[in-house]
Amino acid sequence: MGELNVLPYPAIIANCVGWVGYSFVKPNGFVLGPNAPGILIGFFYMMTCMPLVKQRTADWVNVLMLFYSSIFIIVGAITCYADLGEHARRLLWGYTSNAILVTYYASPLSTLYRTWRTRDASSLSLPLATANAINGALWVAYGIAIHDNFITVPNAIGLLLAIVLLASIFTFWKSRNKATKDVYAANAAFDTLSSNPSPGTTSDDLLKTKESVNV
Numbered sequence: 000m001g002e003l004n005v006l007p008y009p010a011i012i013a014n015c016v017g018w019v020g021y022s023f024v025k026p027n028g029f030v031l032g033p034n035a036p037g038i039l040i041g042f043f044y045m046m047t048c049m050p051l052v053k054q055r056t057a058d059w060v061n062v063l064m065l066f067y068s069s070i071f072i073i074v075g076a077i078t079c080y081a082d083l084g085e086h087a088r089r090l091l092w093g094y095t096s097n098a099i100l101v102t103y104y105a106s107p108l109s110t111l112y113r114t115w116r117t118r119d120a121s122s123l124s125l126p127l128a129t130a131n132a133i134n135g136a137l138w139v140a141y142g143i144a145i146h147d148n149f150i151t152v153p154n155a156i157g158l159l160l161a162i163v164l165l166a167s168i169f170t171f172w173k174s175r176n177k178a179t180k181d182v183y184a185a186n187a188a189f190d191t192l193s194s195n196p197s198p199g200t201t202s203d204d205l206l207k208t209k210e211s212v213n214v
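Position 165 of the sequence shown, counting from 1, maps to 164 under numbering that gives the first Met the number 0, and the rest follow consecutively.
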């Protein structure tokens, strides 16, 4: 995985779950439609990357998943068992979804300080930042069209954050490409040693090479 920040992936799942819940208390097929498959896509991203990251990173992902799950259990219980009116349920899920959406948009920022300090953007994903910018712009337009500030406001914030990420990526593009090439080279070295170890290659050599891949 190199320096790629994987913390946005559990946030993708939580964000989509939140908006699916919002679409249930305020029926809206345009909100439900893209977010329901988004949950499955988020799980695919996370399950794909988890075997490739350091144990410490995997532990953080697990903590985030437990945290988000706890939030939805609490919000779901309040929705079902508290004596709330329809408007109150919409507010509950709206504010919950807004808070999680902002954490999703902000999750790539967890490595932004290091990016500017080291002038290395390899921890930032260009496809994810681009998708966030497009996603934010489209939801802002939709939120304005239906006069729903629960959709408009957090996505406007997300759009601005995505623009900051894109600016950082393109500012330090050369260093990002170099880091990516280094990861590919480390992967190739590990594959070569694993499939056709040279005489004298020990298990410690393989372990060191693997650690250089899973930085």
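Keep in mind that the hints are not guaranteed to be accurate.
[Unchecked claim] Across the chosen pairs, the derived CB separations fall in these ranges:
(1) T170 with C79: 44 to 54 angstroms
(2) A81 with T129: 13 to 23 angstroms
(3) D82 with L125: 45 to 55 angstroms
(4) S68 with G32: 15 to 25 angstroms
(5) E85 with T47: 17 to 27 angstroms
(6) N61 with P126: 22 to 32 angstroms
(7) K53 with H86: 39 to 49 angstroms
(8) K53 with A144: 36 to 46 angstroms
(9) F29 with T170: 20 to 30 angstroms
[Claimed, not checked] DMTMM-like mimics (lysine to aspartate or glutamate), calculated; alpha carbons at most 25 angstroms apart, straight line:
(10) K53 with D119
(11) K25 with E85
(12) K25 with D147
(13) K25 with D82
Treat the hints as calculated values from the structure; they're not laboratory data.
Backbone N, C-alpha and C define an ideal beta-carbon position, used for all residues, glycine too.
Hint-by-hint comparison with the structure:
For the hinted restraint 44 to 54 angstroms between T170 and C79, the CB-CB distance of approximately 48 angstroms keeps it satisfied. The hint said 13 to 23 angstroms for the Cβ distance between A81 and T129, and at roughly 40 angstroms that hint is violated. Our hint of 45 to 55 angstroms for D82 and L125 holds, since their Cβ atoms are close to 48 angstroms apart. One distance hint, 15 to 25 angstroms for the beta-carbon pair S68 and G32, holds here, with the actual separation near 24 angstroms.
At about 39 angstroms, the CB distance of E85 to T47 disagrees with the hint of 17 to 27 angstroms. A hinted range of 22 to 32 angstroms for the beta carbons of N61 and P126 is consistent with their spacing of about 25 angstroms. Taking the beta carbon of each, K53 and H86 are about 46 angstroms apart, inside 39 to 49 angstroms as hinted. For K53 and A144, the hinted distance range of 36 to 46 angstroms is satisfied, since their beta carbons lie about 44 angstroms from each other.
Between F29 and T170 the CB atoms are about 35 angstroms apart, so this pair departs from the stated range of 20 to 30 angstroms. For the hint linking K53 to D119, the alpha-carbon distance of about 20 angstroms falls within 25 angstroms, and the restraint holds. Among the hinted pairs, K25 with E85 is consistent with the structure: their alpha-carbon atoms are about 9 angstroms apart, no more than 25 angstroms. Distance restraint check for K25 and D147: the Cα-Cα separation of roughly 11 angstroms lies within the 25 angstroms cut-off, and the hinted pair is therefore satisfied.
Only pairs whose Cα atoms come within 25 angstroms are accepted, and K25 paired with D82 is accepted, the gap being roughly 17 angstroms.
In this structure, the hints that do not hold are numbers 2, 5, 9, in rising order.
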